[in-house]
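One-letter residues, chain by chain:
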Amino acid sequence: MFGYVLPPLGELPQEEAERFRRAYCGLCHTLGRRYGPAARFILNYDFTFLAILLSEGGPRAVDSRRCFASPLKKREFLEPDSAMELAADESVILAYWQLRDGVADHDWLHGLKYRSLSAVLEPAYRKAAAARHGFDRRTREQLALLGALELEKCPSMDRAADAFAALLGAAAEELEDPVRRRVLGQLLYHLGRWVYLVDAADDLKKDAESGNYNPVALRFGLEDGAWTAESRHEFAQTLDHSIHMCATAFELWDFGEWQPLLERTLYTGLFHVGKAVLDGTFRRRRHAWDERKKDKD
Amino acid sequence: MNDPYQILGVSENASDEEIKKAYRELARKYHPDNYHDNPLADLAQEKMKEINAAYEQITKERSGGGHQQAGTGGAYGYGGTSYRQYGGQSTSSVLQQVRVAISSGDLTRAEALLANYSDHNAEWNFLRGAVCYRRGWMDEAKRYYQTACQMDPGNAEYRQALDFMENGSQTAYRPGGSPFGTEMCGGNPCLALCCLYTLCNGGGYWLCC
Chain X
1 MFGYVLPPLG
11 ELPQEEAERF
21 RRAYCGLCHT
31 LGRRYGPAAR
41 FILNYDFTFL
51 AILLSEGGPR
61 AVDSRRCFAS
71 PLKKREFLEP
81 DSAMELAADE
91 SVILAYWQLR
101 DGVADHDWLH
111 GLKYRSLSAV
121 LEPAYRKAAA
131 ARHGFDRRTR
141 EQLALLGALE
151 LEKCPSMDRA
161 ADAFAALLGA
171 AAEELEDPVR
181 RRVLGQLLYH
191 LGRWVYLVDA
201 ADDLKKDAES
211 GNYNPVALRF
221 GLEDGAWTAE
231 SRHEFAQTLD
241 HSIHMCATAF
251 ELWDFGEWQP
261 LLERTLYTGL
271 FHVGKAVLDG
281 TFRRRRHAWD
291 ERKKDKD
Chain A
1001 MNDPYQILGV
1011 SENASDEEIK
1021 KAYRELARKY
1031 HPDNYHDNPL
1041 ADLAQEKMKE
1051 INAAYEQITK
1061 ERSGGGHQQA
1071 GTGGAYGYGG
1081 TSYRQYGGQS
1091 TSSVLQQVRV
1101 AISSGDLTRA
1111 EALLANYSDH
1121 NAEWNFLRGA
1131 VCYRRGWMDE
1141 AKRYYQTACQ
1151 MDPGNAEYRQ
1161 ALDFMENGSQ
1171 TAYRPGGSPF
1181 GTEMCGGNPC
1191 LALCCLYTLC
1201 NGGGYWLCC
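Chains as they are written, first to last, in the working numbering: chain X, 1 to 297; chain A, 1001 to 1209.
What the hints contain is simulated information worked out from the structure, not anything from laboratory work.
C-beta: ideal position from N, C-alpha, C; glycine also.
A hint or two may mislead.
Here are the simulated SDA-like cross-link-like pairs (lysine to any residue), alpha carbons at most 25 Å apart as the crow flies [stated by the list, open to error]: (1) K206/X <-> S231/X; (2) K1029/A <-> S231/X; (3) K1047/A <-> R180/X; (4) K1047/A <-> W258/X; (5) K1020/A <-> P260/X.
Which residues of chain A face chain X? A few of them, derived with a C-beta cut under 7 Å, are [said to hold, decoys possible]: (6) K1029; (7) N1038; (8) E1050; (9) L1114; (10) Y1117; (11) G1136; (12) W1137; (13) M1138; (14) D1139; (15) R1174; (16) G1181; (17) T1182; (18) E1183.
Please put together the full structure from these sequences, using the hints given.
Okay, here's the thing in structure tokens:
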């Protein structure tokens, strides 16, 4: 479900890309400090994006350090603050339940990696869940709902997407300012809806082969996982409506230094990723890797 | 009141032309058309008022404390009413209550009223669509609007709602005025994506299946 919200780093000025990297490294250090080095493996761009959205936007303390990924050159990173800690806690909760979901979805042998990784993350999860009790409960509820919808093969893609979108929207509920909570609530809800739908679209072919539940295939009656021109157009429209809702929410809050990066991600990055998914070019990279692995086996 | 130049994001030395350009960009961004049926429309409306007031104040000051210029400066005379939605006349008092509930953001009440209303006529479908839209269920909203239009093809309110679902996002605001949309995104998407993977170890979620 993760890995689709990507800032168009290649198109951004160096300074903005560097700013994003400082947040990425900052979240990694926050995870390390709060939960120990093993928790760092959950780090990804989506969680960084969440940390940026939750941040206060003001000037931030920057430190620099060597790390596992950059053992020789010191790299600058944002010092943890309360918003970064919130993002780290919520990331741990989301990653943990994503892994448990993987355990439930696979048989004993194929679930092995999910089981072992979730066992590694278990202590971190316990701590995060204790600190963010409300968000943990909400995550469990929404994922249970999603699981039930998958079981009954719910034909409404809006209903299925809603279960995931509401879960991401809940990440804003811890915020104090009521206007900010509304703005971020809508932004995250529609970002979640977009992620869920794009993920389902990306899995069309795979699910058509395996017979797994796919809300997009059911909605448009795509039996072999291939788009018709009409359904593709209609699906792109619904994605665009969600991006529009994200963008209109984004314009109603001052995100300070993150303004240019967020603007480019919402108004450009999401379109690029959505189009690549619709064209079937997005997964190619991962597919090629899977194929190589299969050949070796 | 806050500094009007700051609100428009221009320096005090900016030319009249630059100020007008900044104003127009902001006005396009917070225009009621861009917040059509948006749950956050009230916030956009506040922004719009602030921008209009700032622009008016600057043009007033620049015309030498001018008394006659005020009001004419805003090339866009957006009133407060255009953000208001679902103001149409209902065929029944229950559906009228649904409209009030949607306008005030009480979607649970609107849904309950609709669920107990047995005559699934064109307006019922339209209002069901409106509730879906407010909840963010864009696909179902569109389908209810379609049904409403099929049942009452002559109704302008339903037609407008469906039009917005089909073409609305194409006219949505995007910085610099470039077209908005997944299918509109030009250039070489592969190139843009290749450039994404430049941080540390790619940042990919390698567990994700």
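Note to self: Can you verify the interface hint for E1050/A: is its Cβ closer than 7 Å to any Cβ in chain X?
What the structure shows: Check failed: Cβ of E1050/A comes no nearer than 12 Å to chain X, outside 7 Å.
Check: At a threshold of 7 Å, is the proposed contact between R1174/A and chain X supported by beta-carbon distances?
Finding: holds, 5 Å
Check: Within 25 Å, alpha carbon to alpha carbon, are K1020/A and P260/X?
Finding: holds, 22 Å
Margin query: For the restraint on N1038/A, tell me whether the closest CB of chain X is nearer than 7 Å.
Written below: Hint holds; N1038/A Cβ to chain X Cβ min 6 Å, cut 7 Å.
Next item on the list: Return the status of the interface hint for Y1117/A: holds when the least beta-carbon distance to chain X is below 7 Å, violated otherwise.
Entry: Cβ of Y1117/A sits 21 Å from chain X, so the hint is violated.
Notebook entry, point to check: Against chain X, with CB atoms and a cut of 7 Å, does the hint on G1136/A hold up?
Noted result: Holds, because the Cβ-Cβ distance from G1136/A to chain X comes to roughly 6 Å (cut-off 7 Å).
Check: Would the stated hint for L1114/A survive a check requiring a Cβ distance to chain X of less than 7 Å?
Finding: Interface hint status for L1114/A: violated (16 Å vs cutoff 7 Å).
Check: Does the structure keep K1029/A and S231/X at a Cα separation of 25 Å or less?
Finding: violated, 30 Å
Notebook entry, point to check: If you take the shortest Cβ to Cβ gap from G1181/A to chain X, is it below 7 Å?
Noted result: holds, 5 Å
Notebook entry, point to check: Are the Cα positions of K1047/A and W258/X separated by 25 Å at most?
Noted result: holds, 20 Å
Notebook entry, point to check: Against chain X, with CB atoms and a cut of 7 Å, does the hint on M1138/A hold up?
Noted result: holds, 4 Å
Next item on the list: With a cut-off of 7 Å on the beta carbons, see whether E1183/A makes it to chain X.
Entry: holds, 5 Å
Hints 2, 8, 9 and 10, counting from the list given before, are not met by this structure.
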